[in-house]
Structures are given as C-alpha cells and as structure tokens.
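Asker: Residue numbers in the sequence shown follow my numbering, run continuously in steps of one, and reach 289 at the last position.
By construction, these hints were calculated from the structure, which means they are not laboratory data.
Computed from a predicted structure; not experimentally measured.
Heads up, the beta-carbon is just placed ideally off N, CA and C, and yes, glycines get one too.
Treat the hints with caution; some may be incorrect.
Beta-carbon label-pair distances, calculated as ranges [unchecked claim]:
hint, residue 1, residue 2, range
1, P143, A289, 48 to 56 Å
2, D176, G111, 17 to 25 Å
3, E214, Y29, 24 to 32 Å
4, G111, G27, 31 to 39 Å
5, A270, N144, 36 to 44 Å
6, T24, H124, 30 to 38 Å
7, A186, E22, 27 to 35 Å
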Amino acid sequence: MRSLPQFVVSAFSFVSLAATQEPTVWGNYYNYWVKTGCTFDLTRGSANATIEIQTSSKGNSSIIIDPAKSAMVIVDMQNFFLHPELSPEANAGRAVVAPAVETVLALREAGVKILWVQWGLTQHDILNMSPSDLYGFARDGLPNSTFGSDMGKISNGTEAGPLLMRGSWNAQAYGDLWTLQQDGIASGTDFFFNKNRLSGINGRAETPLSIFLEDESLTTLFFSGVNIDQCVWGTLLDAYYRGYDVILVEDMSATTSPEYATQMTLYNGAGDGWITNSTDILAGLAAAA
Numbered sequence: 001m002r003s004l005p006q007f008v009v010s011a012f013s014f015v016s017l018a019a020t021q022e023p024t025v026w027g028n029y030y031n032y033w034v035k036t037g038c039t040f041d042l043t044r045g046s047a048n049a050t051i052e053i054q055t056s057s058k059g060n061s062s063i064i065i066d067p068a069k070s071a072m073v074i075v076d077m078q079n080f081f082l083h084p085e086l087s088p089e090a091n092a093g094r095a096v097v098a099p100a101v102e103t104v105l106a107l108r109e110a111g112v113k114i115l116w117v118q119w120g121l122t123q124h125d126i127l128n129m130s131p132s133d134l135y136g137f138a139r140d141g142l143p144n145s146t147f148g149s150d151m152g153k154i155s156n157g158t159e160a161g162p163l164l165m166r167g168s169w170n171a172q173a174y175g176d177l178w179t180l181q182q183d184g185i186a187s188g189t190d191f192f193f194n195k196n197r198l199s200g201i202n203g204r205a206e207t208p209l210s211i212f213l214e215d216e217s218l219t220t221l222f223f224s225g226v227n228i229d230q231c232v233w234g235t236l237l238d239a240y241y242r243g244y245d246v247i248l249v250e251d252m253s254a255t256t257s258p259e260y261a262t263q264m265t266l267y268n269g270a271g272d273g274w275i276t277n278s279t280d281i282l283a284g285l286a287a288a289a
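Use the sequences and the hints to build the structure in full.
Answerer: This is the structure in structure tokens:
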C-alpha cells in the first residue's frame, strides 16, 4: 500500500487485512470520506458506533454513518399536501406515512436526529415573496388564492385555516405524523423548523435549519417527504451545495407530479449522493444493534 496522509490512518482501522481493494480518500484533513471497495465510510474518522446501510447508488455501494453526525430530514408532510380533502391526488404521499413512522422510531433509538421541515409562513414572509412564489401556490390563478388565503372548513368542520400559515391546521403534520412529531419534540429527539420557500436551506441568508445543522456539527443527511421533486429535492440540493452528505430515501418520499419528475430526482440524487430505502435503513440498524 502506498503511504497515506497521517490524518486518515485511523480511518482505516475498520478495513480487514483480507480486503482486496485499496482504500481511497476523498476530501481534506477536516472533511473526508474513505472508500474501500463498494463501501463509503462517511464518519470522518469518528470513534463512535457506526451503522452500515445499503444503497442503490454508485455501484450499489453501502455507506457507513455515525448516528451522532446524522439526521433524517422530513419535508412538508403536512395536511395541505397529504390530507384527502385538501390533496385528493396525493395517494403516493399518504402511502409513505407508514414507512416513515417505522423508520423514525428506529432512527430515534439509534441516536439519529429527526428534523421536521415544513411550510410555516408569517405575514412578513409573504410581503417578501417574489411574484413567482406567490403565483406558484395560487389555487385559482388569482392573487387572493395564494399563501395566506382562507381555505375554509373540511367536511368534519375543522377550520383548515390560511394557506400554509404558521399555526394553521393545513400546515400541521398529517395524520399519525402529528403525534409522532409532537412526541419526538417533547422528548428531545426531534426538532421542528418552519420554512418560507421550497427549500429549507434557501438563499444567501441562513435559515433556522441551516443554522441548526452547523451548530450540531452534522455532516450526513437523509431526506424524505413530499414532494420529492420539489421541496424535498430543493432542500437536498441546497444541502449538497453546502457540502453535506445527502441520501434520498425513496420509499419515504413521493410526489403528485408525473413519473418522469421522480425519475429525474432519483437519477440526479444518485449522482449527488445516494438513494436508499427504509427497508435498507432498518436492516442496517438491526445489524448494528
């Protein structure tokens, strides 16, 4: 084996003497991966217990993560996007609720942080929005039907509230996810972040989510939610631009867009990071237990 930089020597302690492929190092002293065969170690030399998860990306490679440096980012799993009366076409989105619940519970046990990122607007946010943002969410194509407009009541009498405004029922987590979210926040395993654009890490200014990621020294982020090709993708892409490891969880994400939109996301997501499934995450957690 050729000589390696001193800073990565400790990173190779997991490599078997029988390994047939020489490890390669990607990055620098402070921020690096170690690739051995078809396995990427994303722990950056951490001495903590690790988890290995299979993916369908980069030659069906597996990734090794440090739970203490990792988080599951769940985007926009809200009544507005998932409730049958507000979004009747979102059958695929409702189908990912069950795997999301199971995976969140398991990740909590492993020490992976759960980050809920959702639309939650203020009047100030709306005043500072571009025409394109406002037009994109206008239900009737009119200025009085976009963000902040009253959505009336659903059939059981519940006030849906103003569209995606902070504290409104339509902006609340959908179904069983609401209880899951609130329990996690109360216990300190989960964290909640309002966003005011498609991406939770948008623009030049810092957002609550971007500040938290830096303050907690997180490096590896799993992404899930709705819509996979819009808000999930936008947040993942901004995280990738900032240098985070990004892993898209396919069966915990969905969209109401045509199938080709999902295929685009999966194709590019595999290039920017990795694609995995909840079943692979659960298998990795079980093997590490």
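Asker: Look at each hint and say if it fits the structure.
Answerer: Quick rundown of the hints versus the structure:
{"no.": "1", "hint": "P143 with A289: 48 to 56 Å", "verdict": "holds, 54 Å"}
{"no.": "2", "hint": "D176 with G111: 17 to 25 Å", "verdict": "holds, 23 Å"}
{"no.": "3", "hint": "E214 with Y29: 24 to 32 Å", "verdict": "violated, 19 Å"}
{"no.": "4", "hint": "G111 with G27: 31 to 39 Å", "verdict": "violated, 24 Å"}
{"no.": "5", "hint": "A270 with N144: 36 to 44 Å", "verdict": "holds, 42 Å"}
{"no.": "6", "hint": "T24 with H124: 30 to 38 Å", "verdict": "violated, 48 Å"}
{"no.": "7", "hint": "A186 with E22: 27 to 35 Å", "verdict": "violated, 48 Å"}
The structure is inconsistent with the numbered hints 3, 4, 6 and 7, although it conforms to all the rest.
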